[in-house]
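Trainee: Chains as they are written, first to last, in the UniProt record's numbering: chain A, 1 to 347; chain B, 1 to 319.
Some clues are possibly wrong.
As a list, the in silico BS3-like pairs of lysine-lysine whose alpha-carbon atoms are at most 30 Å apart [as the list claims (entries may be wrong)]:
| id | chain 1 | residue 1 | chain 2 | residue 2 |
| --- | --- | --- | --- | --- |
| 1 | B | K254 | A | K265 |
| 2 | A | K299 | B | K276 |
| 3 | A | K205 | A | K265 |
| 4 | B | K308 | A | K265 |
| 5 | B | K308 | A | K299 |
| 6 | B | K250 | A | K73 |
| 7 | A | K299 | B | K90 |
| 8 | A | K299 | B | K123 |
Simulated from the structure, these hints should not be mistaken for lab results.
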Amino acid sequence: MDSYHTPQSIPRRSASSRPKEHCLGATPLQRRLESVRKQASRAPASPPRRVPQRRSQLREDVDPQKVAFLLHKQWTLYSLTPLYKFSYTNLKEYSKLLSAFIAAEKQKGLAVEVGADLNIRVSFSALRGVKGTHRDPDAVLVQILSKSPLPSESGEVKVLWTGWFCCVFGDSLLETVPEDFTCLPLFLASGAETSTALVGTWFQKTFDCSFSPLAINAFNLSWMAAMWTACQVDRYVATTEFLWSVPCSPQSLDISYAIHPEDAKALWDSVHRAPGEVTQEEVDLFMECLCSHFHRHFKIHLSATRLVRVSTSVASAHTDGKIKILCHKYLIGVLAYLTELAIFQIE
Amino acid sequence: MDETVAEFVKRTILKIPVAEMMTILQAWGFLSENQLQDINFRKRKESLVHDLVLLCEEKRARVSDAALLDIICGDIDLFDMKQFKSSFKKILQRALKNVSVTFRDAEENAVWIRIAWGTQYRKPNQYKPTYVVYYPQTPYAFISSSQLRSSIPLLGQALTIASKHHRIVKMDFRSRYLDSLKAIVFEQYNQTFETHNATTPLQERSLGLDINMDSRIIHENRIEKDRVQKITEEVFGDYPQPRLEFAQYKLETKFKSDLNRGILAERNEPLRCLVKFSSPNLLEALKSLAPAGIADAPLSPLLTCIPKKRMNYFKIKDK
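Put together the whole structure using the sequences plus the hints.
Mentor: Set out below in C-alpha cells:
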C-alpha cells in the first residue's frame with residue numbers, strides 16, 4: 001500500500017532524537033549542516049546574504065492572496081528526488097494523464113476514497129513567487145478536484161486533495177544536478193493519504209523520482225522554535241508551546257509546556273546578545289533555559305524525553321513531518337529551512 | 001414490656017425535639033406508618049411521649065429496639081434523605097419553572113441526582129443533563145461537567161441549602177474517572193495495602209530485582225537505585241494508583257538561572273507558563289519517572305501533592 005520506498009543506503013538522521021543531538025553538533029553530518037547553515041542566513045528576520053537584491057523582487061512576486069490558502073493548514077512533508085524531464089509547458093497534459101491514472105486505479109478498486117462516485121479532475125499549475133532565488137524552479141501546485149454530478153451545482157468545485165512541490169534556496173542541490181532534472185525537493189500534501197499515495201506513484205513512474213516521508217527530529221525542532229521565536233511579528237496569534245513525549249512505561253506521559261510569546265521573546269532576546277545570525281550555542285542555551293525553568297519546578301529532566309512538537313505564532317511543526325504555517329511574512333523562511341531538511345535527506 | 005425498658009424508651013423519646021420527632025421515628029422504623037399517621041404531634045410533649053410509649057408497649061419493644069432509637073437520636077447531624085431530596089427539588093423548581101430532577105439511591109449511602117435544565121419558557125432539555133453524586137455522610141459532591149454554565153451557581157446553592165451546609169467550594173480536581181476521584185478524596189486507595197506490605201523489608205526486595213535484571217550494575221549505582229526505589233515507594237506506596245488523566249499548572253514565576261550568565265537578570269516580570277501533564281494514568285506515569293532516571297528523587301512536591309491536596313489544577317506564583 002505504501003508506495004514510497006525509503007532508500008536504505010542514504011544516510012538519514014533518525015527521527016527519534018537522542019538527547020545529545022541538540023547539543024553542539026559533533027558528528028560530520030551535524031557539522032555539514034552547520035556549515036550549510038552558516039552560508040545561508042538562518043534568521044528569517046535578516047535578509048539572505050547571498051542574493052539580497054532579490055528579496056524585494058520576491059515580495060512583489062508573491063501575491064499574498066494567491067498563497068493565503070497555504071497558510072493555516074496542516075501539511076504532511078516529504079522529500080522528493082529530482083524529476084527527470086519535467087516540463088512546465090506540459091502542465092495541462094500532466095493534468096490529463098494524472099486524472100486518467102486516478103480513474104484507472106479507481107476502476108481497479110485500489111483507490112478507496114470517500115465520494116468515489118464523484119467526477120474527479122486534476123489540476124496542475126505553477127505557484128509563482130514561492131521560491132528563494134531566481135535559480136530555484138517555480139513551485140508546482142497539484143489539486144484533485146471534484147465536480148458535483150448534480151446539474152444545479154455544476155459550478156461548485158470541491159478540492160479533495162492538495163499537494164505542492166517547491167524549492168526554496170536549493171542551490172546546494174541545484175548545483176549538483178544535470179540539466180534534464182528539475183529540483184523540487186520539498187513536497188507538502190494535505191488530504192487523504194490514499195490520494196497522496198496515488199499521486200506519488202504516478203510521479204515516480206512518470207519522472208523516475210522517489211518520495212520519502214520527511215520526519216523532523218528534536219534537533220531541528222529546537223532550531224525552528226528558536227528561529228521562529230526570534231521573528232518579529234505584529235500580532236501573536238498563538239502561544240509558544242512545546243510538546244514532549246516521555247518514554248516511561250507502562251503508561252505514556254505527554255508534557256505540554258506553553259509560555260507566553262512575549263516572555264519567550266524576552267528570553268530569546270536575552271540569549272541572543274550579538275546581532276546577526278542565529279548560532280547553535282544560542283539555540284542550545286535557549287532550550288536549556290526553558291528546560292531548567294521546568295526542572296526547577298518539577299524536578300523532571302526534559303532533555304531525557306523526546307521533543308515532539310513546537311508551536312509558535314510563525315508556524316508549528318511536528319516530529320512526524322507535519323507543518324502548519326501561520327504567518328505570511330515568514331512563509332519563504334520556513335520553506336527555506338524545510339527545503340534544506342529535504343535536501344539533506346535526499347543526499 | 002419490662003419497666004426498665006419502658007423507662008428507657010420514655011427517656012429516649014423525651015430527648016427528641018418535637019420538630020424532629022416524626023423524622024426520627026420514621027428513621028427508627030419500629031412504629032408503622034399508619035401508627036405514626038394517627039399520632040397527634042401537636043399535643044403537649046409529655047402527653048405525646050406517653051402515647052408513644054403506649055404504642056411501643058403494644059408492639060412489645062425490646063431493649064435492642066430502644067437502643068437503636070438511642071443511636072438514631074444521638075446522631076445530632078441527622079441526615080434525612082427524603083428531606084434533602086424534597087428540599088433540593090423545591091429550590092430548583094422555585095428558581096426555574098422548568099426543570100426535571102430524578103434521584104437514585106446508590107451504594108455506600110450515595111444519592112445520584114440527574115437534572116435536566118429548562119427555562120421559564122422552555123421545557124427541560126433531556127439531552128444535556130447534569131449529574132451529581134452526593135455522599136451525605138461527607139462534605140463532598142461530585143458534579144459532571146455541565147454544558148450549561150449558568151446552571152452551576154444555582155446547582156451549588158440547591159446542594160448547599162438542601163444539605164444544610166453553609167457554602168460550597170469548587171475544588172480544582174477533575175477526572176473522567178469518578179472512582180479515582182472518590183478514592184483520592186476519601187483516601188480509600190491505600191487502605192487495603194497498608195498493613196499487608198509493612199512487614200516486608202524494602203531492602204531485600206529491591207536487591208532481588210537487581211540480581212535478576214542486570215548483574216553489571218556496580219555497587220554505587222545499586223545504592224542510588226535502592227534510594228530512588230525507596231523514596232518512590234514512600235511517596236506513592238506499593239499499590240496501583242487511582243486513575244487521573246491530567247494535571248495542569250499555571251506558573252507565574254521569575255526565571256532563575258543556575259547557569260550564571262545573567263539571562264533575564266534585569267527582568268522583574270515572571271515568566272507566564274502553562275504546563276499540562278497528560279497520560280492514561282498520570283500517577284502511575286509520575287511514579288515511574290524517578291526509577292527511569294527521567295526525574296530526580298524525591299519528585300517535586302508540586303506533583304506528589306496531587307492526591308493529598310485533591311487538586312489537579314494549580315496556580316503557582318513566586319512567594
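Trainee: It remains to establish, for every hint, whether it holds in the given structure.
Mentor: Structure-based check of each hint:
Distance hint between K254/B and K265/A is fulfilled; the C-alpha atoms sit about 15 Å from each other, no more than 30 Å. With a CA separation close to 15 Å, the supplied pair K299/A and K276/B stays within the 30 Å bound. Between the alpha carbons of K205/A and K265/A the distance comes to roughly 47 Å, so the proposed pair goes past 30 Å and is violated. Between K308/B and K265/A, the direct Cα distance comes to roughly 37 Å. Violation of the 30 Å bound is thereby established for this hinted pair.
Distance restraint check for K308/B and K299/A: the Cα-Cα separation of roughly 19 Å lies within the 30 Å cut-off, and the hinted pair is therefore satisfied. Our distance criterion of 30 Å between C-alpha atoms is met by K250/B and K73/A, whose separation comes to about 29 Å. Annotation: proposed proximity of K299/A to K90/B is violated, straight-line Cα distance about 51 Å (limit 30 Å). Between the alpha carbons of K299/A and K123/B the distance comes to roughly 53 Å, so the proposed pair goes past 30 Å and is violated.
Hints 3, 4, 7 and 8 from the list above are not met by this structure, while the remaining hints are.
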